[in-house]
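> One-letter residues, chain by chain:
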Amino acid sequence: MPFSLTPKDSSFYPLFTASAENLVTATEVLGEFVHDHARREELAVRLRDLEHVGDQATHAIFRALNTSFVTPFDREDIYALASNLDDVMDYVEAAADLVILTGLGTLPAEMSQQVALLQRCAQVTAEAMPRLKTLKDLSDYWIEVNRIENEADKLYRRLLSRLYSGEFDALEILKLKEVADQLEEAADAFEHLANVVETIAVKES
Amino acid sequence: MPFSLTPKDSSFYPLFTASAENLVTATEVLGEFVHDHARREELAVRLRDLEHVGDQATHAIFRALNTSFVTPFDREDIYALASNLDDVMDYVEAAADLVILTGLGTLPAEMSQQVALLQRCAQVTAEAMPRLKTLKDLSDYWIEVNRIENEADKLYRRLLSRLYSGEFDALEILKLKEVADQLEEAADAFEHLANVVETIAVKES
Amino acid sequence: MPFSLTPKDSSFYPLFTASAENLVTATEVLGEFVHDHARREELAVRLRDLEHVGDQATHAIFRALNTSFVTPFDREDIYALASNLDDVMDYVEAAADLVILTGLGTLPAEMSQQVALLQRCAQVTAEAMPRLKTLKDLSDYWIEVNRIENEADKLYRRLLSRLYSGEFDALEILKLKEVADQLEEAADAFEHLANVVETIAVKES
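In the order they appear, the protein sequences are chains A, B and C. Using numbering that gives the first Met the number 0, you'd call the opening residue of the first sequence number 0 and step up by one each time. Using numbering that gives the first Met the number 0, you'd call the opening residue of the second sequence number 0 and step up by one each time. Using numbering that gives the first Met the number 0, you'd call the opening residue of the third sequence number 0 and step up by one each time.
Since the hints were made in silico from the structure, they are not lab data. Computed from a predicted structure; not experimentally measured. Backbone N, C-alpha and C fix where the C-beta goes; we use that ideal spot for every residue, glycine too. You may find that some hints are simply not true.
[As the list claims (entries may be wrong)] Capping the alpha-carbon separation at 25 Å, the derived lysine-lysine pairs in BS3-like fashion look like this:
#1 A/LYS153 / B/LYS176
#2 C/LYS132 / B/LYS202
#3 C/LYS176 / B/LYS153
#4 A/LYS132 / C/LYS202
#5 C/LYS153 / A/LYS176
#6 B/LYS176 / C/LYS176
#7 A/LYS135 / A/LYS176
#8 A/LYS176 / A/LYS153
#9 C/LYS202 / C/LYS132
#10 B/LYS132 / B/LYS176
#11 A/LYS202 / B/LYS176
#12 C/LYS135 / C/LYS202
#13 B/LYS153 / A/LYS202
#14 B/LYS176 / B/LYS153
#15 B/LYS176 / A/LYS176
#16 A/LYS176 / C/LYS176
#17 C/LYS135 / C/LYS153
#18 C/LYS176 / B/LYS202
#19 A/LYS132 / A/LYS176
#20 B/LYS202 / B/LYS135
#21 C/LYS202 / A/LYS202
[Said to hold, decoys possible] Examples of chain A residues toward chain C, derived with CB under 10 Å:
#22 TYR78
#23 GLU177
#24 GLU190
[Stated by the list, open to error] Not the full set, but computed from the structure, chain A residues with beta-carbon under 8 Å of chain B:
#25 LEU159
#26 SER160
#27 VAL201
Taking the hints into account, I'd like the entire structure generated from these sequences.
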């Protein structure tokens with residue numbers, strides 16, 4: 000751990016929190032998107048807007064990083080945090096976009112459940128971000144995200160099992176997999192984020 | 000390279016070796032799984048058990064990391080080693096699970112060959128792990144894993160070539176690709192692991 | 000940033016430049032490959048040769064790394080630069096190989112456009128590599144690559160939208176996606192490379 004000769008720049012924590020809260024909103028919009036067939040186009044536009052908000056938060060973090068002499072923790076870790084938050088947003092937005100561009104109709108119930116798990120990940124992540132300041136009481140967060148991601152893996156396999164059960168033809172499977180894979184990637188990115196937080200906490204402890 | 004003021008904690012090496020030996024067992028079980036159609040359900044359960052053993056080894060490494068003041072090499076590298084060992088186990092288990100949940104019957108010969116290459120990777124990895132202690136004589140290991148991974152890439156493409164040859168319909172191709180991709184990812188994870196070992200050896204040399 | 004007690008080894012910069020210039024050639028050959036149906040086999044062989052040239056450049060960098068006491072920047076970053084350059088070459092070569100082994104005929108116009116974006120990425124990357132020496136005037140490079148990668152993402156989605164429009168059957172979609180995904184991965188690898196350069200510039204600034 001490097002010695003800090005000056006007070007550590009605290010401007011990073013609100014940026015991480017804002018970025019994670021943006022994911023809370025985005026996963027809620029994705030939940031509506033999955034259920035409310037008629038409003039899909041409108042909700043996809045909202046997700047695109049939220050992605051732009053997320054991009055701005057990411058760039059604000061990178062700018063803060065480039066102009067800070069002393070950072071609260073390793074620059075690489077700040078990059079990794081910001082990148083993973085950005086990745087989740089990208090997967091969430093892509094999932095909605097792929098539903099529209101493949102012309103999918105009603106989605107399997109397992110997909111609503113995938114989205115519900117992402118909502119839970121976003122919530123615990125947004126609650127954890129302010130605690131980066133003290134690096135205390137974070138283990139509950141990463142344990143919970145790892146637990147949810149495990150559940151998401153099982154759910155994803157249950158969905159695959161259904162896709163290949165004979166209920167769907169090859170073209171429908173292809174389309175549904177495009178979407179399911181994005182949701183699965185989003186859950187993975189939440190886990191990577193939690194792993195970065197764990198690594199930071201371990202290094203600084 | 001950081002100065003070591005205390006004897007370096009040696010408890011990590013047996014954990015890496017145990018984790019790699021678990022992969023030797025798992026890839027052997029996967030070999031039986033591929034050939035022995037009738038025992039698939041039973042062997043998939045065994046792989047799930049081995050995955051739990053692997054998870055425990057990974058967590059033991061993370062716990063040792065969290066409680067060690069001085070680690071044998073950079074904490075990030077220990078994380079990367081443990082994570083890659085964990086990834087291989089996940090892909091191996093997933094490959095078997097996907098065979099079952101897509102309801103695949105006899106598998107193409109190329110898949111047995113993919114598994115044979117994974118067995119070889121697991122063996123050389125398990126033999127190399129104890130040498131992390133001295134960081135000597137490891138170049139043979141990473142050269143061999145890179146060679147095998149190259150062979151695995153060629154084999155994967157030969158398999159794709161066969162899948163698209165007209166012998167299979169779109170649905171069968173989709174199912175077979177689910178499995179083949181996991182086996183390919185497992186080979187890649189073995190290579191990433193070897194690359195981490197190479198990086199450690201370079202840094203400490 | 001470590002103190003340099005000896006002049007920094009400058010042998011790395013020409014190796015990075017050579018590796019990126021190899022990508023300029025490779026993406027040009029891929030452009031011919033996409034358009035010139037009759038010469039595909041011959042051009043795929045050329046790409047395989049270029050991949051071998053790339054592999055030799057990568058290994059030259061790794062060898063230089065292993066024998067240098069003082070490196071111009073962190074060893075991990077040199078690894079990451081070399082690996083990303085290598086990844087792009089692998090995806091480019093794989094894209095061509097997959098066209099041949101899936102037996103695809105005329106490719107959609109969107110794929111030519113994907114390749115054109117890769118050519119542009121390769122050019123700006125090759126122009127930027129010599130500036131690693133001073134780490135000056137590199138922001139234009141990473142901003143441009145990020146911009147191109149954004150465009151590549153939109154193009155990829157437009158291609159997916161067309162693939163699922165009803166024009167193609169499931170088997171054709173599968174084949175075309177094999178190729179499109181490699182081209183998309185190549186664009187992503189160019190972006191990762193640019194991100195590594197940005198990280199280096201930030202750390203050393």
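> So which of those numbered hints doesn't the model satisfy?
Those not satisfied are hints 7, 10, 11, 13, 17, 18, 19 and 24.
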